[in-house]
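S.K.: Working from the sequences, and respecting the hints, build out all of it.
Heads up: the sequence shown begins at 1 in our numbering, then just goes up one per residue.
Because the hints were derived from the structure by calculation, they are not lab data. Predicted model only: the values in this text are computed from it and were never measured. By construction, the Cβ of each residue, glycine as well, lies at the ideal position given by its N, Cα and C atoms. Nothing false has been slipped in among the hints.
Here are the in silico distance ranges between beta carbons for each label pair:
#1 4 to 122: 18 to 26 angstroms
#2 12 to 70: 27 to 35 angstroms
#3 8 to 108: 31 to 39 angstroms
#4 65 to 6: 37 to 45 angstroms
#5 5 to 62: 30 to 38 angstroms
#6 112 to 84: 19 to 27 angstroms
#7 63 to 15: 30 to 38 angstroms
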Amino acid sequence: MALGPHVPEWAQLQQALAALAHDACATSASVLDAWGLPWCCAPHHNIAVARDAARSLRRALASLDLPLQQGGSLDRLCSADDAGVAYVRSFATVYVLVLRYDALPDLTRARRATLQALPQIEALVEKLPPPAGPGSGSAEALGSA
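M.R.: Given below as structure tokens:
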């Protein structure tokens with residue numbers, strides 16, 4: 001099943017990400033998995049936003065001693081494309097929240113807003129069906145095949 005506005009949890013996740021982006025003064029908020037696949041982004045589902053978030057995530061993942069799936073974690077700033085910055089925060093073992101900024105953010109504010117929003121975001125992400133459906137590689141990787 002393709003993810004999108006027709007999936008109620010996805011629509012709720014997009015709203016939660018938009019609220020987080022606003023609260024954290026970020027230009028966008030995205031959820032990707034440990035393999036760089038985008039699950040949802042806000043303020044709108046935009047392929048350019050998803051690609052930028054994926055590139056930021058790849059940079060952050062490359063700096064880990066352990067992959068997320070083996071206990072690694074992310075909670076840091078990293079460079080984004082152009083002159084931007086991304087705050088990346090891992091959750092639920094294989095997911096990463098990426099907040100995108102055009103300039104260096106107030107990291108305390110970003111972390112505080114993320115901590116407040118993360119329980120709802122995590123619960124919504126865990127309710128989403130695998131993007132390629134049951135029995136797919138994504139379902140198997142996420143433990144829901």
